[in-house]
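Undergrad: Between the sequences and the hints, there should be enough to build the whole structure, so can you do that?
There are 2 protein chains.
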Amino acid sequence: MKKDLRIIKTQESLRHALLSLLKTKSIETITIAELCRLAQINRGTFYLHYKDVHEVFKEYLDVIVEDLRKSYEEPYYKTNYKIKDITADMIKIFHHVKKYQDFYQIIFDERIPMMYYYLLFDTVRTFMRDSIEEGLLTSQPDLQVDYLISYQTNAILGILIEWHRQEYKTSIKELNMQLITIVSLHNPIRMHGND
Amino acid sequence: MKKDLRIIKTQESLRHALLSLLKTKSIETITIAELCRLAQINRGTFYLHYKDVHEVFKEYLDVIVEDLRKSYEEPYYKTNYKIKDITADMIKIFHHVKKYQDFYQIIFDERIPMMYYYLLFDTVRTFMRDSIEEGLLTSQPDLQVDYLISYQTNAILGILIEWHRQEYKTSIKELNMQLITIVSLHNPIRMHGND
DNA sequence: ACTTTTAATGAACACATGTTCAATAAGTTT
DNA sequence: AAACTTATTGAACATGTGTTCATTAAAAGT
Numbered sequence: 001m002k003k004d005l006r007i008i009k010t011q012e013s014l015r016h017a018l019l020s021l022l023k024t025k026s027i028e029t030i031t032i033a034e035l036c037r038l039a040q041i042n043r044g045t046f047y048l049h050y051k052d053v054h055e056v057f058k059e060y061l062d063v064i065v066e067d068l069r070k071s072y073e074e075p076y077y078k079t080n081y082k083i084k085d086i087t088a089d090m091i092k093i094f095h096h097v098k099k100y101q102d103f104y105q106i107i108f109d110e111r112i113p114m115m116y117y118y119l120l121f122d123t124v125r126t127f128m129r130d131s132i133e134e135g136l137l138t139s140q141p142d143l144q145v146d147y148l149i150s151y152q153t154n155a156i157l158g159i160l161i162e163w164h165r166q167e168y169k170t171s172i173k174e175l176n177m178q179l180i181t182i183v184s185l186h187n188p189i190r191m192h193g194n195d
Numbered sequence: 001m002k003k004d005l006r007i008i009k010t011q012e013s014l015r016h017a018l019l020s021l022l023k024t025k026s027i028e029t030i031t032i033a034e035l036c037r038l039a040q041i042n043r044g045t046f047y048l049h050y051k052d053v054h055e056v057f058k059e060y061l062d063v064i065v066e067d068l069r070k071s072y073e074e075p076y077y078k079t080n081y082k083i084k085d086i087t088a089d090m091i092k093i094f095h096h097v098k099k100y101q102d103f104y105q106i107i108f109d110e111r112i113p114m115m116y117y118y119l120l121f122d123t124v125r126t127f128m129r130d131s132i133e134e135g136l137l138t139s140q141p142d143l144q145v146d147y148l149i150s151y152q153t154n155a156i157l158g159i160l161i162e163w164h165r166q167e168y169k170t171s172i173k174e175l176n177m178q179l180i181t182i183v184s185l186h187n188p189i190r191m192h193g194n195d
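Protein sequences appear in the order of chains A and B. For the first sequence, UniProt numbering begins at 1 and goes up steadily by one. For the second sequence, UniProt numbering begins at 1 and goes up steadily by one.
These are calculated hints, taken from the structure and not from any lab test. As the structure is a computational prediction, the values presented were derived from the model and not from experiment. Keep in mind that a hint or two might mislead.
Identical chains share a label here; the pair holds if one copy fits it or two copies do between them.
[What the hints assert, rightly or not] Here are the simulated BS3-like cross-link-like pairs (lysine-lysine), alpha carbons at most 27 Å apart as the crow flies:
1) 98 with 9
2) 25 with 173
3) 58 with 173
4) 51 with 3
5) 99 with 70
6) 51 with 92
TA: In structure tokens form, the structure reads like this:
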């Protein structure tokens, strides 16, 4: 059940044209008509595959997020809920964002729809869910774990927002240090024996 | 230096028309032409005041966020960086979001630009900045406080995102309890003597 | 009340959007 | 290779976008 070659060709042309246009102008100023002219695709054909320019961009983002997911699956030594473990995971995210900085500058732009943010949120959220220790749930029976996970996930994204606002000038090493300091503040009892 | 009455009338007409349209359709489907027809405003006049439909909506949001800011300025007993203080502040935000639920359902919608999220972020962020104890900065000289504040601010917004996704079904009382539990998890040493 | 200032209007323009439909061309099956 | 299936095309249409400009009308200043 392979996909029709014509579809692949059309979508590739559009993606390629979008990347080309993004080099000189912001995604918000790129029109469907303009994109189709450059890709040499009939405008009606565009609507057979996408609703707007953002949906073409989202296909790139899916690939990028998949890369993040893969980097996360790399095995490493896991112990229970410790600062070192959490930060080790989060550092991967920092590296990832830096690697695809050009894209994340778009994702965090104020004119862009929330959907991209949520895509990142949901991805990081699955990582967070996996890092919850089992003992926590039994020791805190009243805790609705979804709230905890969203809290922790968005806290990390808060770091990324701040990094974005400071135009990615902070080095990953420095960012890493800041995160460890912040998490340590919230976990003063666990300061000893780590790092 | 008062504003021209005609401007006020035009803007009020447009705001009123937008509210009316929002009762039956989503903001993303409302066109400038449609808005102007209902408001009985020439479309060219619209462009003298706004760039797009979102800018009209944003005027409402400015009022709403101002309401949040005011509620926050209510004096209450402040001690140093304790769970009770933080949660007391955050509960105000929960009440505020519930009060304007219809608006926040729009703000957290995935099709909506990030600008609204950032407006809320920046507002809550100023509250967070004010609640940082002075001793912290001297005891942690290497900490870039902007990262800490953005981390904490976005963590709270993470709770709101989760609330939104659960269609605001969680009661404020329950949400409050969840927050206290979560913050307590991160501050195990301070569990005693609070609440 | 009269004058000055400026906001709102309507018409026009080029271009974008979103959709339909018959004709064509390209890919897939046999 | 022929028959099929279906993606793409171009044309057309109504509507929306963003801008310009002379004209009108309403508010502000005197």
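Undergrad: Does each hint fit the structure? Answer for all of them.
TA: Against the structure, the hints:
Within a single copy, residue 98 and residue 9 get their C-alpha atoms no closer than 30 Å, and across copies no closer than 48 Å, so neither meets the 27 Å cut-off. Taking the shortest alpha-carbon separations for residue 25 and residue 173, neither the intra-copy value of 32 Å nor the inter-copy value of 48 Å comes in at or below 27 Å. Taking identical chains as interchangeable, the C-alpha atoms of residue 58 and residue 173 are never at most 27 Å apart, the minima being 30 Å within one chain and 38 Å between chains. Taking the closest pair of Cα atoms, residue 51 and residue 3 come within 27 Å of each other only inside a single copy of the chain (20 Å); across copies the shortest separation is 41 Å, beyond that limit.
With identical chains, the CA atoms of residue 99 and residue 70 are at most 27 Å apart within one copy only, with a shortest distance of 14 Å there and 42 Å across copies. Proximity of residue 51 and residue 92 under a CA criterion of 27 Å is satisfied in neither setting, with 33 Å inside one chain copy and 39 Å between copies.
Going down the numbered hints, you'll see the structure goes against 1, 2, 3 and 6, while the others check out.
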